[in-house]
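If you read the sequences in order, they're chains V and Y. Here the first sequence stands for residues 32 to 367, where the numbers follow my numbering. Here the second sequence stands for residues 32 to 367, where the numbers follow my numbering.
None of these hints come from the bench; they were simulated from the model. There's no promise every hint is true.
Each pair may be met inside one copy or between any two copies, as identical chains are not told apart.
[What the hints assert, rightly or not] With a cut-off of at most 16 Å between alpha-carbon atoms, the simulated EDC-like pairs for lysine to aspartate or glutamate come out as follows:
| no. | residue 1 | residue 2 |
| --- | --- | --- |
| 1 | K297 | E88 |
| 2 | K297 | D92 |
| 3 | K342 | E169 |
| 4 | K135 | E109 |
| 5 | K297 | D86 |
| 6 | K236 | E335 |
| 7 | K297 | E87 |
| 8 | K301 | E169 |
| 9 | K287 | E256 |
There are 2 protein chains.
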Amino acid sequence: MKTQTILLKERPKATPEISNFEFKEEEVASLSKGEVLLKSIYISVDPYLRGRMRDEESYIDPFQINEPISSAIIAKVEKSENKDFNEGDYVLGHLAWKEYQIAKGDNLKKVDPNQAKLSAYLGILGMTGLTAYFGLTEIGEPKEGETVLVSGAAGSVGSAVGQIAKIYGCKTIGIAGSDEKIELIKDKFNFDEGINYKTTENMEKAISSAAPNGVDVYFDNVGGEILDATLQNINRNGRVINCGAISQYNKKEMPKGPRVEGVLIKKSVKMQGFTVQNDFGDRFQEGSKKLAQWLQEGKLNYEETIQEGFKNVPQAFIDLFSGKNQGKMVVKVSDE
Amino acid sequence: MKTQTILLKERPKATPEISNFEFKEEEVASLSKGEVLLKSIYISVDPYLRGRMRDEESYIDPFQINEPISSAIIAKVEKSENKDFNEGDYVLGHLAWKEYQIAKGDNLKKVDPNQAKLSAYLGILGMTGLTAYFGLTEIGEPKEGETVLVSGAAGSVGSAVGQIAKIYGCKTIGIAGSDEKIELIKDKFNFDEGINYKTTENMEKAISSAAPNGVDVYFDNVGGEILDATLQNINRNGRVINCGAISQYNKKEMPKGPRVEGVLIKKSVKMQGFTVQNDFGDRFQEGSKKLAQWLQEGKLNYEETIQEGFKNVPQAFIDLFSGKNQGKMVVKVSDE
Chain V
32 MKTQTILLKE RPKATPEISN FEFKEEEVAS LSKGEVLLKS IYISVDPYLR GRMRDEESYI
92 DPFQINEPIS SAIIAKVEKS ENKDFNEGDY VLGHLAWKEY QIAKGDNLKK VDPNQAKLSA
152 YLGILGMTGL TAYFGLTEIG EPKEGETVLV SGAAGSVGSA VGQIAKIYGC KTIGIAGSDE
212 KIELIKDKFN FDEGINYKTT ENMEKAISSA APNGVDVYFD NVGGEILDAT LQNINRNGRV
272 INCGAISQYN KKEMPKGPRV EGVLIKKSVK MQGFTVQNDF GDRFQEGSKK LAQWLQEGKL
332 NYEETIQEGF KNVPQAFIDL FSGKNQGKMV VKVSDE
Chain Y
32 MKTQTILLKE RPKATPEISN FEFKEEEVAS LSKGEVLLKS IYISVDPYLR GRMRDEESYI
92 DPFQINEPIS SAIIAKVEKS ENKDFNEGDY VLGHLAWKEY QIAKGDNLKK VDPNQAKLSA
152 YLGILGMTGL TAYFGLTEIG EPKEGETVLV SGAAGSVGSA VGQIAKIYGC KTIGIAGSDE
212 KIELIKDKFN FDEGINYKTT ENMEKAISSA APNGVDVYFD NVGGEILDAT LQNINRNGRV
272 INCGAISQYN KKEMPKGPRV EGVLIKKSVK MQGFTVQNDF GDRFQEGSKK LAQWLQEGKL
332 NYEETIQEGF KNVPQAFIDL FSGKNQGKMV VKVSDE
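I would like the entire structure built from these sequences, with the hints used as guidance.
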């Protein structure tokens, strides 16, 4: 049996390009005891994968040249030699970008297609929802009546952050890159205010107008100049959650900016980075339960952009960096 | 009765200069009910006062032009119309740079000259000791076996931080600006390693050699390039305590440096600024008790640089920025 697989052909120099990836056909090995044969259904593409394409030490090993890329994938069990899984089960796992693959059962989690759409397990009920939940509540510690600013607010993490902040009784301001996204975050994700950074000349002033009482919590998905502008508006004892820095990921050289230590001291501000798997991996059950509950209660909406076809996975990943997605970006590579 | 007083004549443009200050003789008002007449004994000069000389919003109001400067002062009660204070009592208060002044009793705290040297209440048992204690233990959360790096390690705060980290079972590395200071921090303050940043070409490498297991906690009194070099050596879940940024205080323009958000995310690092009065002001009793206990047990040494004479207060303050002090800098302006 043959399968298509997607390899990292060369490390992207700046923004990833199609030529960085290579499709290769390979033989699927035969099934041994304890293993399952999986068919990929939904492949998650995420900005953090850009970091793994760099050859440097990080919280997770870099991808290797001429080796498959991997990410969170929802797959269907086609054959099973593992007593914990039956043919027809749907599972979530960190898997290779392949149409078919053999996997051990250890790191697979069964998901229920009757409880939520399968793709939701890659988004609001998966890593992105957990990232929003733990980052905001554990690092941001939002209190009722505070102002929470979110960048990448139309994205999968940002849109969840805004809604969770609202559940906590906060005023929410979202930053996004088009008027359409601003409408979306206000209408669907319950943000009180929105700022389109692409049509705003002075972000510092725009944040100040939207947050007349200052910013107490900033959930940062983008880094760079929007972070600088926010720090000019941060309140005493403000908290900055450094979740992502998509504005910086494709830079060739170490980016420079205004030094932060002065404002951190002057206003007793905390900036804290995290990655949900490493820092809250032992509390996922607690987080998933909360998220599922809010989803059921209708307190959490989510958006997803679903691309189709295994051959379009690299382009879907590349499109993340020009903001073509609204909400979680996934690629449906096969029928359920 | 007349007294000399020191006014802020003009705001320093970069490093403070003698011409920024003015001495003026004024009449001491007469004593009303509830007030005390104080004679200044020890005046504390501190880097943070530089911030108050700027005309900008901060955690504490700026000094006004042609108005007296103020700081922590140990004074003797010369006359009292306040039942809580007797003639001859020694008090600690945030007071004006004057030889004599009238004060209400509210914000004065009695200090006991038999329990410790009077000047110690401005240092190890006062703000500097409390700054070291709360910053390190509450923000830094040092754990046994971890590596704690301290800049400004020969200073009043830094030298206390190193010793407290040692009490917590950490490996301690101090950064200071002369070989003499490096000897001092190893001999007297129990640091395991020392780095003279003035004779070190590559700080990143020097920190890496001194901390082969990486830096878990960085107590930063200086900011700037030493902070950058440390972030290159920080461990996963590292903590940076932004206590001071003396390297930046005299800059005319907003200083720039490498952006930090990338490393904060990649290694789940926390950077947090604080000012002890604002953030831990309600826990001073707890902190003072701990410090006094360690002092008594011989676990805490301290160094102080005592200048003499009221007329030398501005120069003592200026000397802070060229590192002329070892440990807490105070000016003895009158006999006890």
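Quiz item: Taking 16 Å as the upper bound on the Cα-Cα distance, should K236 and E335 be classified as within, between, both, or neither?
Solution: neither (31 Å within a copy, 46 Å between copies)
Practice problem: Could you place K297 and E88 in one of the four classes (within, between, both, neither) given a Cα distance threshold of 16 Å? | Solution: Between copies only: 9 Å across, 33 Å inside.
Self-check item: Intra- versus inter-subunit Cα pairing at 16 Å for K135 with E109
Solution: within (13 Å within a copy, 83 Å between copies)
Quiz item: Is it within a copy, between copies, both, or neither that the alpha carbon of K297 lies no farther than 16 Å from that of E87?
Solution: The answer is between: 11 Å across copies meets 16 Å, while 34 Å in one copy does not.
Exercise. Could you place K342 and E169 in one of the four classes (within, between, both, neither) given a Cα distance threshold of 16 Å?
Key: Classified as neither: same-chain Cα gap 39 Å, cross-chain 51 Å, threshold 16 Å.
Quiz item: Given a CA cutoff of 16 Å, do K301 and E169 count as a within-copy pair, a between-copy pair, both, or neither?
Solution: Classified as both: same-chain Cα gap 13 Å, cross-chain 13 Å, threshold 16 Å.
Exercise. Up to 16 Å between alpha-carbons, please classify K287 paired with E256: within, between, both or neither.
Key: Both. Shortest intra-copy (10 Å) and inter-copy (13 Å) distances satisfy the 16 Å Cα cut-off.
Quiz item: Is it within, between, both or neither when you check K297 against D86 at 16 Å Cα-Cα?
Solution: For K297 and D86, only the inter-copy Cα distance (13 Å) is at most 16 Å; the intra-copy one is 37 Å.
Quiz item: Quick one: K297 to D92, C-alpha cut-off 16 Å, is that within a copy, between copies, both, or neither?
Solution: For K297 and D92, only the inter-copy Cα distance (12 Å) is at most 16 Å; the intra-copy one is 37 Å.
In the structure shown, a violation is registered for the earlier hints numbered 3, 6, in ascending order.
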